[in-house]
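Engineer: Sequence:
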Amino acid sequence: MEKAGRYFAVLGALIGGAVGFYLLVPLSVFFKKEFGIIESAGVVLLMAGVISVIFFFIGPPIAVLVKKGVKWLENRMVKMSLQDILVGAGGLIIGLIIANLITPSLARIPIVGSVLPSLAMVLFGYIGIVVARSKKEDIFAISPKRFRRTMAGSKNENPAAQGGFSSGKILDTSTIIDGRIADVCSTGFMEGPVIIPNFILDELRSIADSSDNMKRNKGRRGLDILNAMQKEAPVEIVMQDWEEDADLDVDLRLLKMAKATGALIITTDYNLAKIAEFQDVGVLNINQLANALKPIVSAGEELIIHVIKEGKEPGQGVGYLEDGTMVVVEQARKFVGQDIPIVVTNCHTTPAGRMIFAKPKLLDRADEHD
2 MEKAGRYFAV LGALIGGAVG FYLLVPLSVF FKKEFGIIES AGVVLLMAGV
52 ISVIFFFIGP PIAVLVKKGV KWLENRMVKM SLQDILVGAG GLIIGLIIAN
102 LITPSLARIP IVGSVLPSLA MVLFGYIGIV VARSKKEDIF AISPKRFRRT
152 MAGSKNENPA AQGGFSSGKI LDTSTIIDGR IADVCSTGFM EGPVIIPNFI
202 LDELRSIADS SDNMKRNKGR RGLDILNAMQ KEAPVEIVMQ DWEEDADLDV
252 DLRLLKMAKA TGALIITTDY NLAKIAEFQD VGVLNINQLA NALKPIVSAG
302 EELIIHVIKE GKEPGQGVGY LEDGTMVVVE QARKFVGQDI PIVVTNCHTT
352 PAGRMIFAKP KLLDRADEHD
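Residues 2 to 371 (my numbering) make up the sequence shown, in order.
A couple of the hints might just be wrong.
Stated by the list, open to error - Subject to a maximum C-alpha distance of 27 Å in a straight line, what follows is the list of computed BS3-like cross-link-like pairs (lysine-lysine):
1) 310 / 275
2) 295 / 360
3) 257 / 310
4) 275 / 257
5) 69 / 34
6) 72 / 137
7) 362 / 310
Please keep in mind that the hints were generated in silico from the structure rather than gathered at the bench.
Bear in mind the structure is a predicted one, so any value in this text is a computation, not a measurement.
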């Protein structure tokens, strides 16, 4: 702080000397006498000394404020995404152009005409930045299809699903840990780029460092899957820095990022998928894809099932097909631990999965004999 005070004192001395020099004529007129060399030097030195002392004391607080301001600006710039910077710069340029167009008229206004052009530059530049940043998502989601839709008044379609700004797919943490996305990518059914935001990677690392053994294993498995995808997947894997909205939780940041870029979210989280649909963000649910790819089972079809546990209702037994579909078998409690032939009676599909209801084939035959 003393160093800053000395610098400001020197600056104050220079400014004070200049002020004292320009005050010589007004002072000589005021006192009605012409100053000699010694008197003139005295005025200059006096002004230099006074302003130097003032600057010496106010210098350190000003230096602290300037340092904090620079630090704040630096932090803001680091946290801002490239999109924010580009959009803000574009808005600033447009605002300054508009201000420049109206400044000739403002300059003709009496008294305040010399000040208004500068104020207009600052005001319109600021408005340009604010408006551009507030409309960032719309700006980056612009595409010919979206433009035609907007002009037609349609607001129900998702720009990402219609090939908006980007064809990228953003993975959430649940999808990476689930692991099936690696198989989907390796088959070539999905086009890239596949985007892994830095905050998703941070969450995955946090899970991998968890004290809970199960969470730790899931996190490490997710990291292994990412490494394998980078090495083997035929699609482009992109690790994307996204510093915007750092104060929000991961899911909200994911939705903001997808909406800003027009990319799709790939998830296995049912709640996240529903929120994304509500906010008009494109989403692909791996569970829905898996359900769609499961073999169709019709009523009356015969299967062999291993009954592994009792059901919720009295007498029920529960088993699973190879693809993980739950099968609820009526009156099969006594067959727990056995492989039995069953007859499908009903198949119920929900967004969370598919459930098959059946009864033992032996029971079906007994009903026929009766």
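Engineer: A separate judgement is required for each hint: does it hold in the structure or not?
Structural biologist: Results for each hint:
1. 310 / 275: violated (32 Å)
2. 295 / 360: holds (21 Å)
3. 257 / 310: The hint is violated at about 44 Å.
4. 275 / 257: holds (15 Å)
5. 69 / 34: violated (49 Å)
6. 72 / 137: holds (25 Å)
7. 362 / 310: This hinted pair holds, its Cα atoms lying about 18 Å apart.
When each numbered hint is compared with the structure, violations occur for hints 1, 3 and 5.
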